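> Residues in the sequence shown are numbered consecutively from 3, following our numbering.
Think of the hints as simulated: they come from the structure by calculation, not from any bench.
Because the structure is a prediction, the values reported are computed rather than measured.
Mixed in with the good hints, there may be bad ones.
[Said to hold, decoys possible] Below, a list of computed lysine-lysine pairs in the DSS-like style, where the Cα atoms sit at most 27 Å apart:
(1) Lys67 / Lys118
(2) Lys573 / Lys67
(3) Lys643 / Lys628
(4) Lys53 / Lys67
(5) Lys627 / Lys643
[Said to hold, decoys possible] Label-pair ranges, simulated between beta-carbon atoms:
(6) Asp182 / Arg63: 32 to 38 Å
(7) Leu566 / Ile87: 23 to 29 Å
(8) Ala598 / Asp182: 34 to 40 Å
(9) Ser692 / Leu154: 39 to 45 Å
(10) Glu96 / Glu160: 18 to 24 Å
(11) Glu119 / Thr629: 52 to 58 Å
(12) Pro657 / Ala403: 54 to 60 Å
(13) Thr151 / Pro592: 50 to 56 Å
(14) Ser691 / Leu566: 44 to 50 Å
(15) Ala642 / Gly680: 41 to 47 Å
(16) Pro657 / Glu181: 32 to 38 Å
(17) Gly198 / Thr43: 41 to 47 Å
(18) Pro657 / Asp700: 42 to 48 Å
(19) Leu430 / Ala606: 37 to 43 Å
Beta carbons: idealized from backbone N, C-alpha and C, even for Gly.
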Amino acid sequence: MKQGGAQSASVRTEHVQAELVAQAPDGVGPGRPLWLGLSITHAPGWHTYWKNAGDSGLPTRLEWKLPPGMDAGEIAWPVPRRIRIGTLANYGYEGQVLLPVPVAVSGAFAPGPLAKEVTVRLQASWLVCRQECIPEEGEFALQIPIQGTTALHATQFEAAAQAQPRPLAPGAGSGAQVEDGALALRLTGLPAALRGQALEVFAETADMIETAADPSQQWRGDTWVARLPLSPQRSAGPDPVPLVLAHGGQGWRVELPVQGGWPQAAAMAQVSPALEAALRANAAGAGTAALAPTPAPMGLWLAALGGALLGGLILNLMPCVFPVLAIKVVGFARHAQDRRAHRIGGLAYTAGVVLSFLLLGAAMLALRAAGDAVGWGFQLQSPAVVALLAALFTVIGLNLAGVFEFGAMLPSRLAGLQARHPVADAFLTGVLAVAVASPCTAPFMGASLGLTATLPGAQALSIFAALGLGLALPYLLASWLPGFARALPRPGAWMQTLRRLMAFPMFATVVWLVWVLGQQSGIDGAAALLALLVALAMAVWTLTLRGRGRAVLAPLSIVACAWLAWAWGPKVVEPLPAAGAAPMADAATPWRPWQAGLPEQLLARGQPVFVDYTAAWCVTCQYNKKTTLSDAEVLRGFAAKNVALLRADWTRRDPAITAALAQLGRSGVPVYVLHAPGRAPVVFSEILSSDALRAAIDSL
Numbered sequence: 003m004k005q006g007g008a009q010s011a012s013v014r015t016e017h018v019q020a021e022l023v024a025q026a027p028d029g030v031g032p033g034r035p036l037w038l039g040l041s042i043t044h045a046p047g048w049h050t051y052w053k054n055a056g057d058s059g060l061p062t063r064l065e066w067k068l069p070p071g072m073d074a075g076e077i078a079w080p081v082p083r084r085i086r087i088g089t090l091a092n093y094g095y096e097g098q099v100l101l102p103v104p105v106a107v108s109g110a111f112a113p114g115p116l117a118k119e120v121t122v123r124l125q126a127s128w129l130v131c132r133q134e135c136i137p138e139e140g141e142f143a144l145q146i147p148i149q150g151t152t153a154l155h156a157t158q159f160e161a162a163a164q165a166q167p168r169p170l171a172p173g174a175g176s177g178a179q180v181e182d183g184a185l186a187l188r189l190t191g192l193p194a195a196l197r198g199q200a201l202e203v204f205a206e207t208a209d210m211i212e213t214a215a216d217p218s219q220q221w222r223g224d225t226w227v228a229r230l231p232l233s234p235q236r237s238a239g240p241d242p243v244p245l246v247l248a249h250g251g252q253g254w255r256v257e258l259p260v261q262g263g264w265p266q267a268a269a270m271a272q273v274s275p276a277l278e279a280a281l282r283a284n285a286a287g288a289g290t291a292a293l294a295p296t297p298a299p300m301g302l303w304l305a306a307l308g309g310a311l312l313g314g315l316i317l318n319l320m321p322c323v324f325p326v327l328a329i330k331v332v333g334f335a336r337h338a339q340d341r342r343a344h345r346i347g348g349l350a351y352t353a354g355v356v357l358s359f360l361l362l363g364a365a366m367l368a369l370r371a372a373g374d375a376v377g378w379g380f381q382l383q384s385p386a387v388v389a390l391l392a393a394l395f396t397v398i399g400l401n402l403a404g405v406f407e408f409g410a411m412l413p414s415r416l417a418g419l420q421a422r423h424p425v426a427d428a429f430l431t432g433v434l435a436v437a438v439a440s441p442c443t444a445p446f447m448g449a450s451l452g453l454t455a456t457l458p459g460a461q462a463l464s465i466f467a468a469l470g471l472g473l474a475l476p477y478l479l480a481s482w483l484p485g486f487a488r489a490l491p492r493p494g495a496w497m498q499t500l501r502r503l504m505a506f507p508m509f510a511t512v513v514w515l516v517w518v519l520g521q522q523s524g525i526d527g528a529a530a531l532l533a534l535l536v537a538l539a540m541a542v543w544t545l546t547l548r549g550r551g552r553a554v555l556a557p558l559s560i561v562a563c564a565w566l567a568w569a570w571g572p573k574v575v576e577p578l579p580a581a582g583a584a585p586m587a588d589a590a591t592p593w594r595p596w597q598a599g600l601p602e603q604l605l606a607r608g609q610p611v612f613v614d615y616t617a618a619w620c621v622t623c624q625y626n627k628k629t630t631l632s633d634a635e636v637l638r639g640f641a642a643k644n645v646a647l648l649r650a651d652w653t654r655r656d657p658a659i660t661a662a663l664a665q666l667g668r669s670g671v672p673v674y675v676l677h678a679p680g681r682a683p684v685v686f687s688e689i690l691s692s693d694a695l696r697a698a699i700d701s702l
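Build out the structure end to end from the sequences listed, making use of the hints.
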């Protein structure tokens, strides 16, 4: 995740303080020396990495955006230090380090006669580690005077220059040779002050030597000889071999020719078919060509259809669908004594639900085919869709509250068409039900929807159709059962009271959607949306007026609404800038942010892992979070078994989380998984049970 604004030269996270600095003693212009650099100050115990990270890790990467005529070179890496973690060893930096970069300014540099400063921009990414590793990144900008002197950080740049390895031309007889699983080195020409001293050896090529192994070395007069054990994973054989030798904070870079060449690297071990399939699926999720879907066996397909139908039925009990229940109750009461209208309305509602699920499923499958990593509920990862739903529910709530009637606001011809064709209302209610049900995942839905990623289009769409039919089935059956219609009271004043009462679930849904958008676009986005909803409500109200009041106020309110949409709309849909370079764990909670690869790291150390795949727009997720996952006994059980608790937040689009869900055979949230070393992952029901969770914890 990113941090840093357009005018920010520094980024602070919980683990590092990073700052973009410059050294331009003669100003900026052709032929004048100019250095840029990223200064990183690490929190105690944390480190970042050299260009060869060693046994694990990633080097810091810098991507520059410079004015025309300025060209950044490569990082002038200071000498690293060996950082041991258990049986592994990494190459990196602790404390404070400056990564300097030379910048060439050519004759094409033309800032303009009135320009006094030049702006340089940097996007940097780094991996900061202690026992755990957290990928972080930041965006930086710095203004450098064109004519003045920039030397505020001269001391840092001078220290960085001293810490860079000096180039060393190997003397006569120097070279390298591969023998008995080791790289034998022979080097002359080193400074005389080093004779008799033990040297640190850093290979610039990854996976070439055993990083954690200490080289056997000795001096034979002015010749230094050493043996470096080769890595079993060696795949590269550079010739010459680039090495950095270090002692006492100083370093020398040398390239040694390989005598006799490199033997062929050992073939990589074969992987199991299951692992190979998982790796191919990961590659497909990363943007490579996906495997062609294959038809499922008849039994598996029928089981998926049954699961989707049952999941759709249970979806009616989810809190997402409660607002639509209000509309259906009023609709049933209105046509209680008209059996034909009742049945036609049920069919129209079912058609709206099933068709909407088919369209939503087709969109999801099309995006997947195009290479996008999307899953169930993907549309609510867009702030624009969340804002449109909030506006829709505001209008529906105002209608139920009696502020206006759709028929009165429509032209007479359209109003008459609506009165003659109430089927359209029932159909649109079905569409609305799908719109609000999409944030929920009911039991039996997860596995069925996850299977759609591997099925051909026709079979996949049939699962979406079965899900829609399950959601609509209770209303379809009720519309065709005479006993249900007779059980409803006769139309009367109670209908208006019930209708106005049902406006409040709609407004409650708007509150929830504004909260969801606040998670995506921040407090400014939520405030902008609230202002737009107030303007929309006022515009709707002015359209109910008569005479001069409507003639004057309605156009003004519509113009005000349009202006607000133009001026503040971008704040609504603008993604929330990260407050830190990565989501950090709250000190008051045992939960930590999920990162790709982190569960595997923890499992490799023998620690069980529980992952909560969640999203702010997922009502089922929030229910489970406030109940089962906040249960004191459950949390004590996790602590007693030393279970690492990770939370994967899918509120905004995250291809890594989508890929992780796909590996579990799921395409939406919530998903709850317990990993234990040496055991298969345990995937829990979407409606999380404390008893089931405690039983799984006790079995660890």
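> Are the hints correct? Go through all of them and say.
Okay, the hints, checked on the actual structure:
1. Lys67 / Lys118: Distance of about 19 Å is within 27 Å: holds.
2. Lys573 / Lys67: Answer holds: Lys573 to Lys67 is near 25 Å, not above 27 Å.
3. Lys643 / Lys628: Distance ~22 Å between Lys643 and Lys628 Cα, so the pair holds.
4. Lys53 / Lys67: 21 Å, holds
5. Lys627 / Lys643: 20 Å, holds
6. Asp182 / Arg63: 32 to 38 Å: Given about 37 Å between the Cβ atoms, the range holds.
7. Leu566 / Ile87: 23 to 29 Å: For Ile87 against Leu566, whose Cβ atoms are near 54 Å apart, the range 23 to 29 Å is violated.
8. Ala598 / Asp182: 34 to 40 Å: 39 Å, holds
9. Ser692 / Leu154: 39 to 45 Å: With Cβ atoms ~58 Å apart, the hint is violated.
10. Glu96 / Glu160: 18 to 24 Å: Once the Cβ atoms are compared, 20 Å apart, the range 18 to 24 Å for Glu160 and Glu96 holds.
11. Glu119 / Thr629: 52 to 58 Å: Taking Cβ atoms as reference, Glu119 and Thr629 lie about 56 Å apart, which means the hint holds.
12. Pro657 / Ala403: 54 to 60 Å: Since Pro657 and Ala403 have Cβ atoms about 42 Å apart, the given range 54 to 60 Å is violated.
13. Thr151 / Pro592: 50 to 56 Å: 52 Å, holds
14. Ser691 / Leu566: 44 to 50 Å: Check passed, 46 Å falls within 44 to 50 Å.
15. Ala642 / Gly680: 41 to 47 Å: The hint (41 to 47 Å, Cβ to Cβ) is violated, given that Ala642 and Gly680 are roughly 20 Å apart.
16. Pro657 / Glu181: 32 to 38 Å: Violated, at about 46 Å.
17. Gly198 / Thr43: 41 to 47 Å: 36 Å, violated
18. Pro657 / Asp700: 42 to 48 Å: 35 Å, violated
19. Leu430 / Ala606: 37 to 43 Å: 53 Å, violated
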